Amino acid sequence: MAENKKNLFEYTEESIKSLDWKEHIRLRPGMYIGKLGDGSSPDDGIYVLVKEVIDNCIDEYTMGYGKTVEIAIKDKTVTIRDYGRGIPLGKVVDVVSKINTGAKYDSKVFQKSVGLNGVGTKAVNALSSFFKVASHRDGKVKEAEFSKGVLTKEQREAKTDQENGTLVTFVPDETVFKHFHFIPEYLEKQIWNYCFLNAGLKIIFNGK
63 MAENKKNLFE YTEESIKSLD WKEHIRLRPG MYIGKLGDGS SPDDGIYVLV
113 KEVIDNCIDE YTMGYGKTVE IAIKDKTVTI RDYGRGIPLG KVVDVVSKIN
163 TGAKYDSKVF QKSVGLNGVG TKAVNALSSF FKVASHRDGK VKEAEFSKGV
213 LTKEQREAKT DQENGTLVTF VPDETVFKHF HFIPEYLEKQ IWNYCFLNAG
263 LKIIFNGK
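Sequential numbering of the sequence shown, starting at 63, is according to the working numbering.
Among these hints, one or two may not hold up.
[Stated by the list, open to error] Within a straight-line C-alpha distance of at most 20 Å, the following computed EDC-like cross-link-like pairs (lysine to aspartate or glutamate) qualify:
id, residue 1, residue 2
1, Lys194, Glu247
2, Lys194, Glu216
3, Lys215, Glu247
4, Lys251, Asp105
5, Lys84, Asp235
6, Lys194, Asp117
7, Lys270, Glu247
In short, the hints are calculated from the structure, not lab data.
Just so it is clear, the structure is predicted and the values come from calculations on it, not from any experiment.
Produce the entire structure from the sequences given, and follow the hints as far as they go.
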């Protein structure tokens with residue numbers, strides 16, 4: 063009897079599974095952003111998603127590029143715009159969708175970094191029902207859209223009159239963050255901490 067039961071749990075080649083980056087993040091989100099929650103606690107996952115994007119803006123600021131960050135949250139949509147160097151246009155898709163891809167491995171490009179090397183923005187992408195990135199760089203813009211980490215639209219490079227920098231818009235996935243809602247006070251405290259730790263940095267939140 064014991065032998066028959068043991069055979070039900072054979073460890074074979076078929077037992078070995080390989081997940082791509084987005085599948086792993088969605089299957090084990092806690093490994094990347096901690097707890098999930100619904101936004102009622104300041105350490106819930108939706109605030110970590112916001113933090114991951116802001117951290118990239120702060121990295122640009124600490125390198126001397128872009129003193130202003132604009133953050134807007136309307137309903138369940140988050141928009142964050144920095145005025146840094148912008149993501150190199152040929153790597154916009156890779157930077158937000160390929161694990162261990164980024165410039166923070168190059169100490170000359172990012173001498174200081176608070177963001178997760180090669181992971182942070184990818185986690186935001188994978189855990190969002192809608193994710194859009196636009197990089198403005200030297201008169202050109204490159205845009206890409208995703209859903210749950212899957213590329214749904216990629217625009218060709220086009221002319222732009224906007225200042226250099228990166229614009230990220232995302233909507234956390236409600237199948238992951240059940241019945242979530244943002245509490246502005248939690249975000250305001252987070253923003254104050256960023257400004258306190260980074261003298262000269264200006265963060266505009268919902269137009270204020």
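Hint check:
Distance hint between lysine 194 and glutamate 247 is unfulfilled; the C-alpha atoms sit about 25 Å from each other, more than 20 Å. The suggested pairing of lysine 194 with glutamate 216 holds, with an alpha-carbon distance near 10 Å, which does not exceed 20 Å. Among the hinted pairs, lysine 215 with glutamate 247 is inconsistent with the structure: their alpha-carbon atoms are about 34 Å apart, more than 20 Å. Note on lysine 251 and aspartate 105: the hinted pairing holds, with a Cα-Cα distance of about 12 Å set against a maximum of 20 Å.
A C-alpha spacing of about 13 Å is found between lysine 84 and aspartate 235, which places the hinted pair at or below 20 Å, so the restraint holds. Simply put, lysine 194 and aspartate 117 have alpha-carbon atoms about 17 Å apart, close enough for the 20 Å limit, and the pair holds. A hinted pair counts as satisfied when its Cα atoms are at most 20 Å apart, and lysine 270 with glutamate 247 qualifies at roughly 13 Å.
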